[in-house]
Structures are given as C-alpha cells and as structure tokens.
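Given chain A, work out where chain B should sit, using these hints.
First to last, the sequence lines map onto chains A and B.
Per my numbering, residue 1 is the first one in the first sequence, and the count goes up by one each step.
Per my numbering, residue 1 is the first one in the second sequence, and the count goes up by one each step.
Since the hints were derived computationally from the structure, they do not count as laboratory data.
Every residue gets a Cβ at the ideal spot worked out from N, C-alpha and C, and that includes glycine.
Take these hints with a grain of salt, some might be off.
With a cut-off of at most 25 Å between alpha-carbon atoms, the simulated SDA-like pairs for lysine to any residue come out as follows [stated by the list, open to error]:
hint	chain 1	residue 1	chain 2	residue 2
1	A	K247	A	N263
2	A	K14	B	F30
3	B	K73	A	T121
A few chain A residues that don't get close to chain B, going by computed Cβ distances all over 10 Å [stated by the list, open to error]:
hint	residue
4	G391
5	Y422
6	M547
Residues of chain B clear of chain A, computed beta-carbon distances all greater than 12 Å [said to hold, decoys possible]:
hint	residue
7	D8
8	N13
9	E120
Take a look at the letters that make up each chain.
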Amino acid sequence: MAYSTNASKNKRRKLLVVEDNDINREMLCAILDGEGFEVMEAENGEVGLALLEQEYEDLSLVLLDVYMPVCDGFEFLERKRGDRRFDSVPVIVATASEAREDEIACLKLGANDFIVKPYNTEIMMNRISNTVHLRESASLVNQLTWDTLTNLYSREFFYRRVDSVFTSMGDDLQFDMVCSDIVNFKSLNDRYGRQNCDQLLQDLAARLEELLPGYVVGGRIGADTFAFLVTHQPDHTWVSAIADVSKGLLGTSLSVKFGVVENVDRQLSVSLTCDRAIMALERIKKTFGVDVAWYNDKLREQQHMENTILESMETALDEHQFTVYYQPKHDLKGNRTGGAEALVRWIHPTLGFVSPGDFIPIFERSGFITQLDLYVCEEVCKEIRRCVELGLPVVPISFNASQLDFDDEDFAKKIVALTDAYGIDRTLLHVEVTETACSENPDRVIALLAELRDFGFHVELDDFGSGYSSLASLNMLPLDVMKLDMSIIQQASQLDDFRIVHSAIQMAQFLNLETVAEGVETQDEVRKLKELECGKIQGYFYSKPLMGKDFETYLAKEA
Amino acid sequence: MTLQELYDRIDGNYAEAIGRLRMEKLITRFILRFTNDGACVRLQEAWAAGDDVATFEAAHAAKGVCANLSLTKLGNLASEICEALRPGNDALRASTDVDALVAELGQAYDKTVAAIKEYEASL
Numbered sequence: 001m002a003y004s005t006n007a008s009k010n011k012r013r014k015l016l017v018v019e020d021n022d023i024n025r026e027m028l029c030a031i032l033d034g035e036g037f038e039v040m041e042a043e044n045g046e047v048g049l050a051l052l053e054q055e056y057e058d059l060s061l062v063l064l065d066v067y068m069p070v071c072d073g074f075e076f077l078e079r080k081r082g083d084r085r086f087d088s089v090p091v092i093v094a095t096a097s098e099a100r101e102d103e104i105a106c107l108k109l110g111a112n113d114f115i116v117k118p119y120n121t122e123i124m125m126n127r128i129s130n131t132v133h134l135r136e137s138a139s140l141v142n143q144l145t146w147d148t149l150t151n152l153y154s155r156e157f158f159y160r161r162v163d164s165v166f167t168s169m170g171d172d173l174q175f176d177m178v179c180s181d182i183v184n185f186k187s188l189n190d191r192y193g194r195q196n197c198d199q200l201l202q203d204l205a206a207r208l209e210e211l212l213p214g215y216v217v218g219g220r221i222g223a224d225t226f227a228f229l230v231t232h233q234p235d236h237t238w239v240s241a242i243a244d245v246s247k248g249l250l251g252t253s254l255s256v257k258f259g260v261v262e263n264v265d266r267q268l269s270v271s272l273t274c275d276r277a278i279m280a281l282e283r284i285k286k287t288f289g290v291d292v293a294w295y296n297d298k299l300r301e302q303q304h305m306e307n308t309i310l311e312s313m314e315t316a317l318d319e320h321q322f323t324v325y326y327q328p329k330h331d332l333k334g335n336r337t338g339g340a341e342a343l344v345r346w347i348h349p350t351l352g353f354v355s356p357g358d359f360i361p362i363f364e365r366s367g368f369i370t371q372l373d374l375y376v377c378e379e380v381c382k383e384i385r386r387c388v389e390l391g392l393p394v395v396p397i398s399f400n401a402s403q404l405d406f407d408d409e410d411f412a413k414k415i416v417a418l419t420d421a422y423g424i425d426r427t428l429l430h431v432e433v434t435e436t437a438c439s440e441n442p443d444r445v446i447a448l449l450a451e452l453r454d455f456g457f458h459v460e461l462d463d464f465g466s467g468y469s470s471l472a473s474l475n476m477l478p479l480d481v482m483k484l485d486m487s488i489i490q491q492a493s494q495l496d497d498f499r500i501v502h503s504a505i506q507m508a509q510f511l512n513l514e515t516v517a518e519g520v521e522t523q524d525e526v527r528k529l530k531e532l533e534c535g536k537i538q539g540y541f542y543s544k545p546l547m548g549k550d551f552e553t554y555l556a557k558e559a
Numbered sequence: 001m002t003l004q005e006l007y008d009r010i011d012g013n014y015a016e017a018i019g020r021l022r023m024e025k026l027i028t029r030f031i032l033r034f035t036n037d038g039a040c041v042r043l044q045e046a047w048a049a050g051d052d053v054a055t056f057e058a059a060h061a062a063k064g065v066c067a068n069l070s071l072t073k074l075g076n077l078a079s080e081i082c083e084a085l086r087p088g089n090d091a092l093r094a095s096t097d098v099d100a101l102v103a104e105l106g107q108a109y110d111k112t113v114a115a116i117k118e119y120e121a122s123l
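Bound conformation, chain A alone (with noise of 0.2 Å):
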C-alpha cells in the first residue's frame, strides 16, 4: 500500500500515543510501528505529561484520546500548553467522537488535527505526515529567526532585520546600537547552574526590550551578548534607564556592561557595527562603576593597532626585530656599575617604534609575553656571555618576568636550561617580578620563586610603592632585592620629603633585601639615597638603557 513506503522516512521518528483503551492504542501502535514510528504509549493523560516532560526535545508528534478517566484529552492539551517548552509537539486528537464542540474546544486549547475513529490508515498516516513535515519545517525557521530562550531575534535574523531597518527608514532618521555584555557570564552559569542563567538571560533580554528609549529591534548575538537597534538618543538619557537593570537577577549583584555606537553608519555591515559596539564594552568590562562605554575613533584606532600587533608579533620574534637594551644600575657604596636591567624595544618595519606600553599588555591579554620573557632571558645570557668573554667587567642583569610566567610549571626549568646553555653562573641572572604578578595565584609564586632562588637565581621586586603595595607581599615572598618604583622617588624628590623612601630602605635592610632606587634623575636625588644607605640606583641621572654594544663600552670605561 502506498503509505507503507513511508516506513524508512519515519524512522526515528518518535511518537507519543496516549488513549485509555488498551485495544485502541496497541492497534494504533501496530500501524504506527508499521509505519517505521518509534512508538512511545502513555495509557492517560497523566502518563502522557509525564512523558512528555521526558521527551518533548525528541518527540515529533502526540497522537491523544480525548476522553479518559485520568486526565483526558483536554486537560492533557490545557496542561500542555501552559508549558512553552511543550510547543513545538503537535498534537493530533483521534477520538471515536464526531462531535463538533470537542473538535472545537480541542483546537481552541492547541490541538493541531483531528483523526476519527474507526482509523482510515491511510488519510491517519497522511495527516501524521503533514503535521510532523509542518512542525519540522516552521522549527527550522524558528530556530533560524528566533532565539527560543530570549524570543529576541537570533544572530543573522537580527542583522537581517535590522538592514531591512535601515531600507525600509528614511536616510534622516539616525540610529544608535547598543550592545550588552553580563560580566563573568561563564562564572555565574557555573555558580548558579544553566536553568537560572537561562532565566537571567530571558528577564533581561524582557527589562531591555521595555527599558531602552526607542527600542525598534533587539537581538541575541551570543550566549550573554544582546544587541539593540535604537533611534538616536542624543542626551543619553537611557544611561539613567537602564542603570538598575541587573537589579534583583539572579538574587546576587552582577554586572551587565553596554556599548554603543552611536549614529550608526549604515554603509557599515550589522555585524562590524555590533563588533564595534562589542569592541567599546570590552574596554570597561574590569572597570567598576562605569557601565557604558561609546565606541569611537580613537578605539578603532587603538584596535587597529592592536590587531598589527597581534598579527606580526610572532614574525617579529622570529626576525629578531625585539632588541634588548640594558639600563644600568650603579652601586652607590662600590661607585660602579652594580647590575643592570634588560629592557625590550620593538623597532616595527612598518610602525616604527612601538612603545612597550603599547605592546606589552597586549601581549600579556594573547599570552605571547611568556615566550618573550624567554626571548630577553636569552638574550641576557648572550649579553653576560659577551662581558664575560670580552673581559668586561661582569654584572648581574635582570629580566622581567610576567604573571603568566608563574603559570609554567617549568619556567625555572627553562632558565636554568638557558643560563647552563650559555655558561653562566646563576647569580648573575636576577629575575624581576612585580607584585600583581603575585596576587592571582600567591601559594604558587611563593613556591616558584623560591624554586628560582634554589636554583640560584635572584629574585627583585619590581615597582615596589607604585599602586597598592602590600607589606604582606614583602614578607611572604622569597626576594634578594626590593625596587623603588620610579614614582616614590619622583613624588619624594618633589616634596622634598624622603622619609616614606627612608622607611621603604630600613624596611628592606631589616628584611635583609638589597634596595634599588628606579627612575633617579638628579644628583639631589643620589646624594639624598646615598644618605638614606640605598644600595643602587637605577636611572638617567647614571645611563639610559643602552644597546648591548654601548652597554659593553659602558662597562669597559670601568675596566
């Protein structure tokens, strides 16, 4: 029979029949399974919301009875459709009954066809057809236009919508896209589990929608990320509406950050204009208090340069275009050259110079750092080597090290590698860390840097009094030497007040740390740290950072 030739189509189709009378529904699953139908029976209503609970993401179709002892056909559909997870199942209601009032009040609670008893095998297995080919079609366009969990257009709809936006408006008329982002997503849905961040994401997508001032269209663009096509608002006003929008989610505070493009230029493509708005938030995401950010040139010109940098840092190491220069330090009691620090410079065949400044947390946010650590760590022991061989006189130099560093488990390892390549007694190579390198993971650099220092290795802590120092790091970490930050000496030289820098000193001498002053210009300033017992000096007012060849003549004036 001609139906039968569907029983390879239907296969894995899954159906649900839910009928009272055990005759009916084993004959209605003989012909299902007939059919190639995974068949699934449910002997009343309530089985069969039990089951579909279970399997609605599956289930293709509900075949039901309308009248039953437990939970007939109606209260089934009733019960059905208070659940919108339960939506895209169509029902098809099979009864033995003609009445019109229950073909009526059946589609009036969402029952999609009817079937009567007895079955037409054929005109049944037809409908089925129809109804599983429907469903599955206009779920593929759901799934395409529309995000289920938020009911804000989905990604490409949302782009598409928004051209037909800007096509079907009058060039006059200016709009603004606003971009948002839930800070530490990822965490929360680890917290607080996927069904309550799914449930944030619906009740802010829904205050959004209401809140921001001439809303016209709004998409889901990510798994946090929203995006909104507003008409210009000039005054900024919104910023006021939307300030408490994270508000009671979730029951804990968190924080939803915004970026915006304003006067969207609709030569741009939906997607760029998003990045942008996207590239703004991204800026102000570690930022507390300040929840929107506008995107401007000067961003895209910072993340044109980011991008340079990003794309050519790789060949840049490769085609050594990093050189390593040498900042002296001179030993105030000796008065001579004490040691030296190993300073980076980028020369950029197309940029230029490219200011540390610039490049370094770039590379920290890429990971890149941890191999240009190892890059100046090499060239430092060249650079020793060099002295040594050259019968200079031979001076420790240190190197900076970066958080990401203390995230290598062999990163002594590899120095020790490279110092015992080279030759070089391990004194000779100091490692310098700043404090905030220590705060994500303290338990761990703790062990790292005494790991380096039993190897041999001295360690400096660099910045010492820039931002917020703690004297808890100075007693916890395994150092040989405690760096003045450049700023204590500046704002002391300034006042004319060196006792937090005299305070700084003792502290260092009691806890048996060599002290080095940065950033010293003046010979007020020398005469004033020589006075205090500091033990170098590191600065212009001795030598800027020299190449290695100026270093090396720089040393042989001492020889």
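Positioned in the frame of chain A, the structure of chain B alone reads:
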C-alpha cells in the same frame, strides 16, 4: 472457522479491518483481546444502575474499540446509545428507546464473544 467467516457471523466488516491492520495475524491478535475488553459489559451494568454518565462513557469507549476492529453492528449500537446519552442531546434521548438498544447490544455482544471464542478454539 476463518477470520472472514467470523466477521460475517458477527456482522463485522472484514474488508475494512484488513484494510486497516493489513495482516490477519494482527486482526486476530486484537479480536481475541476484545473478549476481555470491558466496555460493553460496563455499558450494560451502568445502564442497569441508572447511571447515564457512566453509560455514556462506556458507550463511547465501546464505540471506539468496535469501530477500530470493524465490529460494525456492535459499534453502531454503541454509537446510537452514545449519541442518545451525550450531554445536550435531549431531543434525541427522548426519541430513543435506550433500554431496547442496550438489550440489543447485550445480545450482539454475547453473540460476538461466543463467536470469537469459537474462532479461537479453531485456531
């Protein structure tokens, strides 16, 4: 007794049944189960007890299962009772001799069950 002979004896529609289930094996499986289906018995008991609602529900169930098995005569009787007792069909109820229909259904049911048992014995 063949399945077709059984259907002839109980005023059923063999052609319709085979059209629906396609295999005699399946029809046999379900027709044998009919002797244990309680709808027709419940219908008679409910009517005897004067319970219109329960009679309607049992008639509805009997109509469905009979129709699917193409037990035409029995199904038609159940259907007539069902429609006469359907809430709101007062005029039809007034013009229908439900007592007679229930009695006729009882006889037809007994005859059907007896014939099915005979058929079962012949297998």
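The hints, checked one at a time:
About 29 Å separates the Cα atoms of A:K247 and A:N263, which puts this hinted pair outside 25 Å; it is violated. With a C-alpha separation of about 23 Å, the suggested pairing of A:K14 with B:F30 holds against the 25 Å cut-off. Annotation: proposed proximity of B:K73 to A:T121 holds, straight-line Cα distance about 21 Å (limit 25 Å). Listed as a non-interface residue, A:G391 keeps its Cβ farther than 10 Å from every Cβ of chain B; the least gap is roughly 104 Å.
No beta-carbon of chain B comes within 10 Å of the beta-carbon of A:Y422; the shortest separation is about 87 Å. Interface exclusion of A:M547 from chain B stands, the closest Cβ pair being 93 Å apart, more than 10 Å. Distance to chain A confirms B:D8 as a non-interface residue, since its nearest Cβ pair spans about 18 Å, more than 12 Å. The Cβ of B:N13 does not lie farther than 12 Å from every Cβ of chain A; its closest approach is about 9 Å, which violates its non-interface assignment.
Listed as a non-interface residue, B:E120 keeps its Cβ farther than 12 Å from every Cβ of chain A; the least gap is roughly 15 Å.
Hints 1, 8, counting from the list given before, are not met by this structure.
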